[in-house]
Structures are given as C-alpha cells and as structure tokens.
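Chemist: Below, each chain spelled out in residue letters.
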Amino acid sequence: MTSASDDTDPEKRDPGLAHERTSLAWTRTAISFGALGGVVLKVNVITGLLILAIAPLVWQLGRLSGAEASGLEPASITRIRLITVSIVGVAVLCLLVALFGRSAPGALR
Amino acid sequence: MSWSGRLAALLPGTTAADKEGTEPDPRFSFANERTFLAWSRTALALVVAGLGIVQLLPPFPGVPIGRHLLGVPLIALGAVLAVVAYAEWVHNQRALRHGKPLPRSIMPWILAATIAGMAVISAIVLLLSATR
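Line by line, the protein sequences are chains D and P. Quick note: the first sequence uses the numbering used here, first residue 310, plus one each step. Quick note: the second sequence uses the numbering used here, first residue 2, plus one each step.
Read the hints as simulated data drawn from the structure, not as lab findings. In this text, a Cβ means the ideal position worked out from N, Cα and C, and glycines have one as well. Accuracy of the hints is not assured; some may be wrong.
Stated by the list, open to error - So the derived list for chain D, only partly shown, Cβ under 8 Å to chain P, looks like this: (1) Gly325; (2) His328; (3) Arg330; (4) Ser385.
As the list claims (entries may be wrong) - Chain D regions said to be covered by chain P (calculated; three or more residues, Cβ under 8 Å): (5) 331–345; (6) 348–354; (7) 388–395; (8) 398–407.
So that you can see chain D by itself, here it is in the shape it has in the complex:
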C-alpha cells in the first residue's frame, strides 16, 4: 500500500505505465462503442447514431483520467457508473431494435 513518504512510495519513484495502459483501455472501450454503433447503423439509423455519439463521450472520459495523470488519480465511481449505465442502456436499445426493428435478412451474405 502507499506510504506517505515520497522516497518509499514506488508510484512516485517510478510512475510506470499503469496510467498509460488505463488510458489505452479507455480508448479501446470508446472504439468498441463506435464499432457497435456502426453495426446498429446498418439496422436502424437513429439508434446507430445515438450509440455512435456515446463513443466520443467515453473517449473524453478516458482523457479526463489522462488530465489527472499529474495527480495520478484513478477513476472515480461516477465514471465507472456512467459506463455501466450506458452499456445497459445500449443493450436495452439493441434489444428493442432486435425485437421490433425491420430485419435485413441476408445483409451478411
């Protein structure tokens, strides 16, 4: 665990790449939202645009954790909660599209 002293705190001595890895993980998550939005766009344009709009927001959240790099602040619970809520929301939207949307059979053929 962290020590108050700067000399013995390994994080202060060598910040390491933990923060950078986490930033990249946020970017990957944003790209995942974009990819999902792209697929939904083929099925239902409005829902697709809605999901695509989430991608830059998630990316911004990741940059937010980047801005805190100087203070080395990991994500607050609010940010974690935002992601959870948006994924559940997206799942509900996709469920509605899957159940009631006009299917485009053979679109993959």
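With the hints as your guide, set chain P onto chain D.
Modeler: Just chain P, lined up with the frame of chain D:
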C-alpha cells in the same frame, strides 16, 4: 452476505461511504479500472453479436424464431455482464482499501455458462433447421 445485502451495498448511498481504509496504491486502482473496462468491452461484444445474429443473418429455414433464440439471450447477457463488472469493481476497490484479499470473481463462471448455453441453443436450432 445475503443477495439483498450484496445489492444494497452497491447503491449510491452506500458507495458514497466507501472512504474507509486507506487509499490504495494507484497502480492497483488502475488495474481494477482496466479489468472493469475489459469486461465492459466483452459486454459490448455480446450485445453486438446478439444484434448481428437477429438482424443481419439470413433466417434459419423451418425455425422462424431461431435467430431470436440465439440473439436475445446474448444481448441480455451483455447487460448482465456490465452490471456484474460494476459490482466487482466496487467490491475489489473495497477490498483494496482494507488491504484484504480480493473476492473471487464470478465472471469466468458467467462467461463459461453463457458460451455453453449458446452452444446448446445453436445445436438445437441447427438440428431443427436441418430436419425440416
């Protein structure tokens, strides 16, 4: 802990009191955050797979609801996975603050059960479709 107790421990009112213990090493917090994000992406992948099956695949001959049988559970499990990922993030962060061992994750179990279930449903749908 009972299920209702576990759920109540995740509500905003209780998590706001999560300031006990000591602030963990940021690297541990970052690792916990990345684990959560990785499960989030897995959840999104399940959703996109489910939607793709329902909307983009050609229908199974003879099994009109075949695509829905495969796709709808996948989408629902995506939502479940996201919520469980959040719960585990909260529990892990609490354990880190108190210097306790991390609780065992139920995610591998959920994922294994999902894949096994989907394999069974796929086999049934394909067999029904082939015998028509």
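Chemist: All hints are to be evaluated individually against the structure, with a verdict given for each.
Modeler: These are the hints, each one checked on the structure:
A hinted interface residue such as Gly325(D) counts as satisfied when its beta carbon comes closer than 8 Å to some beta carbon of chain P; here the least separation is about 6 Å, so the hint holds. For His328(D), the interface hint holds, the least distance from its beta-carbon to any beta-carbon of chain P being 6 Å, beneath 8 Å. Taking 8 Å as the C-beta contact cut-off toward chain P, the hint placing Arg330(D) at the interface holds, the least distance being around 6 Å. Look at Ser385(D): its Cβ only gets to about 10 Å from chain P, farther than 8 Å, so that hint breaks.
Counting residues of the stretch 331–345 of chain D whose C-beta sits closer than 8 Å to any C-beta of chain P gives 9, which meets the bar of three, so the coverage hint holds. Using a Cβ-Cβ cut-off of 8 Å, 4 residues of the stretch 348–354 of chain D lie near chain P, which meets the minimum of three, so the contact claim holds. Coverage of the stretch 388–395 of chain D by chain P holds. Counting CB-CB distances below 8 Å, 4 residues qualify, and the rule asks for three or more. Under the rule that three or more residues need a Cβ within less than 8 Å of chain P, the assignment of the stretch 398–407 of chain D holds, with 7 such residues.
Checked against the numbered hints above, the structure breaks only hint 4 and satisfies the rest.
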